[in-house]
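Student: Protein chains in written order, with full-length UniProt numbering: chain A, 1 to 478; chain B, 1 to 177.
Note that these hints are calculated values from the structure, not bench results. Heads up, the beta-carbon is just placed ideally off N, CA and C, and yes, glycines get one too. Check each hint, because a few of them may be wrong.
Unchecked claim - Pairs of lysine-lysine, PhoX-like flavour, derived with a Cα cap of 25 Å:
id	chain 1	residue 1	chain 2	residue 2
1	B	Lys152	B	Lys67
2	A	Lys395	B	Lys51
3	A	Lys376	A	Lys241
4	A	Lys366	A	Lys387
5	B	Lys67	A	Lys376
What the hints assert, rightly or not - Which stretches of chain B does chain A cover? Using the computed rule of at least three CB atoms under 8 Å from a CB of chain A, they are:
id	segment
6	16-30
7	48-58
8	79-91
9	148-161
Said to hold, decoys possible - Distance ranges between label pairs, derived from CB positions:
id	chain 1	residue 1	chain 2	residue 2	range
10	A	Phe373	B	Ile33	51 to 61 Å
11	A	Gly135	B	Ile33	46 to 56 Å
12	B	Arg156	A	Ala267	50 to 60 Å
13	A	Gly273	B	Gly69	39 to 49 Å
14	B	Tyr44	A	Phe373	40 to 50 Å
15	B	Val41	A	Asn11	28 to 38 Å
16	A	Ser341	B	Pro149	21 to 31 Å
17	A	Thr427	B	Leu63	42 to 52 Å
18	B	Val41	A	Gly263	39 to 49 Å
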Amino acid sequence: MSNNSLKRTWNWIDNRIGFTDYIVPLMVHLVPDNARWWYIFGSATLCAFIVQVVTGIGLAMAYVPGGEDTYESLKYITDIAPLGSLVRGMHYYGASAMVMLAVIHMVQVFMHATYKYPREMNWMSGVVLLFVVLGMAFTGQLLRWDANGVWSVTVAAEMAGRTPYIGPTLAHFMLGGETVGGSTITRFFAMHVFIMPAIIIAGIGLHMLLIMRHGISEMPDVNEPIDPDTYKEAYEERIQKTGVPFWPVAMWRDVLFSTLIVGVIMACSIFLGPPALDPPPNPSSINANPLPDWYFLWYFAVLSLLPPQLETWVILGVPVVGFIVLFFLPLISNKGHRAPSKRPWAGGAVIFISMAFIVLTIYGYKKPWSPDFDVKELPASVVGTDKGPLAEGAKLMHIKGCLYCHDIGGYGGHRGPELTEIGKLLTRDDIIIRINNGGHNMPAFASSMSSVELNLIVDFLLTRGVTPEEDVPKNPTQ
Amino acid sequence: MNNQPPQQSDKPCCQHPRRTFLTRLSIGLSAVIGLVITLPVIGYVLAPIFKKPKEKWRAVGKLEDFKVGGFVLVQYEDPSPVAWAGVTATAGAWLRRVSETEFIAFSINCRHLGCPVRWVDDPKLFMCPCHGGVYYEDGTVAAGPPPEPLQKITVRVRNGQVEVQTIPTPLTLTTLT
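Produce the complete structure using the sequences and hints provided.
Tutor: Shown next, in the form of structure tokens:
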């Protein structure tokens, strides 16, 4: 076909679909010339969403939402289907990328106060999108229908069940019945594949429409606080004078960064592979170690560290108050300074929340509040001997579960205080009272331990932290 | 044909009410279409909430299989499995033969947030791997965040079979204090 006829064909199509009339103006709309690398995160989030849609459709071709078959279909996708492991991995890392980028995008917009007049609704639609994305991440974790998935549903239903008045109704709605089972997985599948993506696509549409309507914001200028009375005219004037066309002057950065993101998702998927599947989803199997995906670990840690009387308030309050505060933020403050240097509280809040997130996530991984079921017996190097009453006492520390919670010389859990030097700190009577009666967060062992066992354990504990010369119990066992 | 735009003032009596009527008719019919489509689906989706929890007796083993001593994990089909549930229709309980005639059983769900508790025989404790809840062998809370003792499950012996009465996944439903 000659160039001329190609052009004629294109003109015919363009005349009918209106590409030049409708799409080109959108692509070449003017954006501020100082909108450089700061502005790449929104489009990268969109790109991660596209990765999720495409890989999700691929997974849905083999995924069976229901009971035992779900687990088998996941195994098929992971182990047998050509490129199945890659696609599952991309969907998994794509989800992480999307959550991460959405949050970074939000932090950037917050720090530059782009949510102020006239872009209040850009922010509000973004907050709704963020929460639906978190909903996608959560339901997606359940669709990985292994032991962890089953217990995540149970925990989520328990949390929903604490809502005043409608709690049980909400929990049973979530489960699709009274227990976690076949109707739960189909319910979550419908949410993850139909309802939430529909909301996200509609939300992205609105978000983009608002961007077109109000224009991309400029970088904050300390000398130009936002004044709703004059902002729009001033912006229009400036953008006509100094603006650059989005395509290709600004967009190449977005495309470059998105390429990098897709490359990282692909590389993680190739080199790290999709997350391993736990044992099958049997709600009666107790050998599960329920742990949420990394972006929810901080919340998991919060629930363990809180005093019980605050717990329900936090379980219900954090998501609701978090949403309300974020959603209404631009209505509270929609004018004035945008520059971070003039908004120290905003910077402080971001630093505080980031630190809290990091610290709580590390805690979530370490789980110091949980008994360590896999702890090994104390080695002779720590005990000091491998036979005699001391060794027996050390062995009983393991048998009776003391080591699940107490650390001695680097061996054991972290639920309770470390006992490496306990011989220096407590007397024989103190230790006996603690073991028999229990105490703050320690069970009483009086009914499950004979006096011989108790004495062996106490004799052993009294040697901890005591140097060999003083290693003779002052009050030897009778 | 008259190409002039219709003049409202010409026929105020007829033009305006007709438009108003058609507007209302369109909105009304759209609402009817919307309701006809969504109401059955909403009812269908909400139906599980209104279903009364079923309690059924499920056999978990022969009487002679259970020795007097610590707890054993028993598995049984949950009270209302859907046809496609497969292994996810399984429920579990910690069952203990206390004496020749007496049995006691607990739900495996921690009363904190529902994670599966494990029976550790030597210290005679139930321990939860999630948030550190610990219970004594009578189900009462020994340590950690659970606000309530483990949920008891009714056990009976019938025709040489030990049976447990199925219960829904117990929710703690702690009220705000």
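Student: Does each hint hold? Answer for all of them.
Tutor: Here is what the structure says about each hint:
1. Pair hint Lys152(B) plus Lys67(B) holds up; C-alpha atoms about 20 Å apart against a cutoff of 25 Å.
2. Annotation: proposed proximity of Lys395(A) to Lys51(B) is violated, straight-line Cα distance about 52 Å (limit 25 Å).
3. Annotation: proposed proximity of Lys376(A) to Lys241(A) is violated, straight-line Cα distance about 72 Å (limit 25 Å).
4. Using a Cα cut-off of 25 Å, the hinted pair Lys366(A) and Lys387(A) is violated, with the two alpha carbons roughly 33 Å apart.
5. Between Lys67(B) and Lys376(A) the alpha-carbon distance is near 29 Å, which puts this suggested pair outside the 25 Å criterion.
6. Against chain A, the segment 16-30 of chain B contributes 0 residues with a C-beta closer than 8 Å to a partner C-beta. That does not satisfy the three-residue criterion, and the hint is violated.
7. Here the segment 48-58 of chain B counts 5 residues with a CB under 8 Å from a CB of chain A, which clears the bar of 3, and the coverage holds.
8. A count of 13 residues in the segment 79-91 of chain B with a Cβ less than 8 Å from any Cβ of chain A is obtained; the coverage claim is therefore met, three being the minimum.
9. Closer than 8 Å: that is the beta-carbon criterion, and the segment 148-161 of chain B has 0 residues meeting it against chain A, so the requirement of 3 is violated.
10. About 57 Å separates the C-beta atoms of Phe373(A) and Ile33(B), a value consistent with the hinted range of 51 to 61 Å.
11. At roughly 28 Å, the beta carbons of Gly135(A) and Ile33(B) sit outside the given window of 46 to 56 Å.
12. Checking the proposed 50 to 60 Å range against Arg156(B) and Ala267(A) shows it holds: the Cβ atoms sit about 59 Å from each other.
13. In this structure the hint that Gly273(A) and Gly69(B) lie 39 to 49 Å apart at CB holds, the actual value being about 44 Å.
14. Distance hint for Tyr44(B) and Phe373(A): a CB-CB separation of about 43 Å, consistent with the stated range 40 to 50 Å.
15. At about 46 Å, the CB distance of Val41(B) to Asn11(A) disagrees with the hint of 28 to 38 Å.
16. Checking the proposed 21 to 31 Å range against Ser341(A) and Pro149(B) shows it is violated: the Cβ atoms sit about 56 Å from each other.
17. About 50 Å separates the C-beta atoms of Thr427(A) and Leu63(B), a value consistent with the hinted range of 42 to 52 Å.
18. Hint check: Val41(B) to Gly263(A), Cβ distance near 42 Å, so the stated range 39 to 49 Å holds.
Hint violations for this structure: numbers 2, 3, 4, 5, 6, 9, 11, 15 and 16, all remaining hints satisfied.
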